[in-house]
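Residue numbers (our numbering), protein chains in the order written: chain A, -6 to 291; chain B, -6 to 291.
Please keep in mind that the hints were generated in silico from the structure rather than gathered at the bench.
Don't take each hint at face value.
For chains that are exact copies, the list does not tell them apart, and a pair is met inside one copy or across any two.
Said to hold, decoys possible - 30 Å max Cα-Cα, derived DSS-like pairs, lysine-lysine:
#1 Lys287 with Lys122
#2 Lys217 with Lys45
#3 Lys287 with Lys262
#4 Lys212 with Lys272
#5 Lys287 with Lys100
#6 Lys79 with Lys122
Number of protein chains: 2
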Amino acid sequence: MKKQLKMNSLKKNWFTEDCEMWPGGTFSVEVKEVLYSEQSDYQEITVFDTTKFGKVLVLDGIIQCTEKDEFAYQESIAFLPLCLHKNPEKVLIVGGGDGGVAREVAKHPQVKEILQVEIDEKVIEVSKKYLPFLAVGFESPKLKLHIGDGFEFMLNHKNEFDVIITDSSDPVGPAVSLFRDHYFQLMKSALKPNGIICSQAGTVWNDLDLVSNILNICKKQFPKAAYAYASVPTYPSGQIGFVIGSLDNDIVFDKPERVFTEEDEKEMKLRYYSSEIHKAAFVLPTFVRQHLAKNTAE
Amino acid sequence: MKKQLKMNSLKKNWFTEDCEMWPGGTFSVEVKEVLYSEQSDYQEITVFDTTKFGKVLVLDGIIQCTEKDEFAYQESIAFLPLCLHKNPEKVLIVGGGDGGVAREVAKHPQVKEILQVEIDEKVIEVSKKYLPFLAVGFESPKLKLHIGDGFEFMLNHKNEFDVIITDSSDPVGPAVSLFRDHYFQLMKSALKPNGIICSQAGTVWNDLDLVSNILNICKKQFPKAAYAYASVPTYPSGQIGFVIGSLDNDIVFDKPERVFTEEDEKEMKLRYYSSEIHKAAFVLPTFVRQHLAKNTAE
Chain A
-6 MKKQLKMNSL KKNWFTEDCE MWPGGTFSVE VKEVLYSEQS DYQEITVFDT
44 TKFGKVLVLD GIIQCTEKDE FAYQESIAFL PLCLHKNPEK VLIVGGGDGG
94 VAREVAKHPQ VKEILQVEID EKVIEVSKKY LPFLAVGFES PKLKLHIGDG
144 FEFMLNHKNE FDVIITDSSD PVGPAVSLFR DHYFQLMKSA LKPNGIICSQ
194 AGTVWNDLDL VSNILNICKK QFPKAAYAYA SVPTYPSGQI GFVIGSLDND
244 IVFDKPERVF TEEDEKEMKL RYYSSEIHKA AFVLPTFVRQ HLAKNTAE
Chain B
-6 MKKQLKMNSL KKNWFTEDCE MWPGGTFSVE VKEVLYSEQS DYQEITVFDT
44 TKFGKVLVLD GIIQCTEKDE FAYQESIAFL PLCLHKNPEK VLIVGGGDGG
94 VAREVAKHPQ VKEILQVEID EKVIEVSKKY LPFLAVGFES PKLKLHIGDG
144 FEFMLNHKNE FDVIITDSSD PVGPAVSLFR DHYFQLMKSA LKPNGIICSQ
194 AGTVWNDLDL VSNILNICKK QFPKAAYAYA SVPTYPSGQI GFVIGSLDND
244 IVFDKPERVF TEEDEKEMKL RYYSSEIHKA AFVLPTFVRQ HLAKNTAE
């Protein structure tokens, strides 16, 4: 008996990602309501309410975060570099206009001062209105928020930060320059001695060459660099990765300087990150480890 | 400017998963050609060729494996239990009709004899014809393949196996009984002293209660039990999990008895599993660790 295959079967009110970066496979969410959809000076900003993933922020047709799993991303990009630094007092966040990364960075007990530079004021505005669980990050008294370009900002801030976190969209569209040599040079010059950077860096299942390219760019500027990843179901392939670069020659990436106890986890309301997860984040599948060993500098 | 949102935009020739187990979000693949699609006595069996994921096996509308990422699943479900056993000479595989698990189990240097029981002969036939990279597992001289029911088979095989691996589809449809008490009792009785079982067990992002239920069922029969996971992009949420139960009270789940060197990895053509990945597979995100601590037996 030949059965009729359910092809092209997506029902009404589903939003499907469509991006040249991951052709041939795509994720879709069932939308309850479109809360906002406008073109800003930089990108198309959309906020959905969905049936199973809560509120969802979409930029230029690509899911940036969902209420269900955003914490895995925000906690990882914040605490991986922060906990590797001996005393991360002053932190710069580039991008992160939804507020989620600031929310996590502000929780770290050693962080005293956070500067954030976001180019698109509209994202902040939309987040404050529709995504309060993220925008709560803007309420921290530790935070100073600047609207502007991360490049320009760093040209005027040298030797100033312990940690720089780049929470960007993918290397297509407005964020493409954040994945290039010049940007990593600027970050290096904006760091204090022994400073650490952490940038979103694609996933190994989608584009291993992209990952090795970004890691090589990072290695050109930083004596120590590594790739780590977190499980985030609504990103393509269910993961997101980070490059971490350090000016501290003695750094051991899978050994956090700051170890969180279970009490710390509760107090900080951590839902994904732990000191054990930190170690595991650097353990790469064999095909990735072999590829990076072959295709990135020593 | 109000932009027109790209809703309901899935193009022609895309196959979309549709399953009651994960409503509200779904993965789609672009199909080049439908190679096979028939109803067997047990399920609808489909094989696609796709633009980016190679050959894909679909049972009852759910992706079972794709050529691109199947190795992460097969290596994990095979080597997590095998490497935890001091001497895994005799192994039973229940299900696994595509041959992928047998392919990996046969590689383990200590394994001498593999029995496999698959209920649906058609899956084996289809795999041999369309999925040779998986069906190559049936060619091992270590393997004896039986067509039949795993329950009946284990009733007639007591105290016989070092390791039992259950490579089933999800707990809807024909595989539902493989997630119940009786099945875990039967596995226990089919094991030799210090035996170990490993079963597919859902993912924490989709249904944490399902995971804690299966773990509790496992804990009822086995003095030691744990949950581990692997990154498999084409499964819902990009992960798949396993419950592992052991009759050996001294087992330490994140310390493999058999440690593979880089030479072993190359010789065995491992692409995902390593002894470091083994340890990391048991490190659970904070929300999962907290949930399982609260909702499963000591």
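To see whether the hints hold, each was checked on the structure:
1. Proximity of Lys287 and Lys122 under a CA criterion of 30 Å is satisfied in neither setting, with 47 Å inside one chain copy and 35 Å between copies.
2. Within a single copy, Lys217 and Lys45 get their C-alpha atoms no closer than 40 Å, and across copies no closer than 34 Å, so neither meets the 30 Å cut-off.
3. Taking the closest pair of Cα atoms, Lys287 and Lys262 come within 30 Å of each other only across two copies (17 Å); inside a single copy the shortest separation is 39 Å, beyond that limit.
4. With identical chains, the CA atoms of Lys212 and Lys272 are at most 30 Å apart both within one copy (20 Å) and between copies (27 Å).
5. Proximity of Lys287 to Lys100 under the C-alpha cut-off of 30 Å is restricted to the inter-copy arrangement: shortest distance 25 Å between copies versus 38 Å within a copy.
6. For the homomeric pair Lys79 and Lys122, neither the shortest alpha-carbon distance inside one copy (36 Å) nor that between copies (58 Å) is at most 30 Å.
The structure fails to meet hints 1, 2, 6 from the earlier list, while all remaining hints are met.
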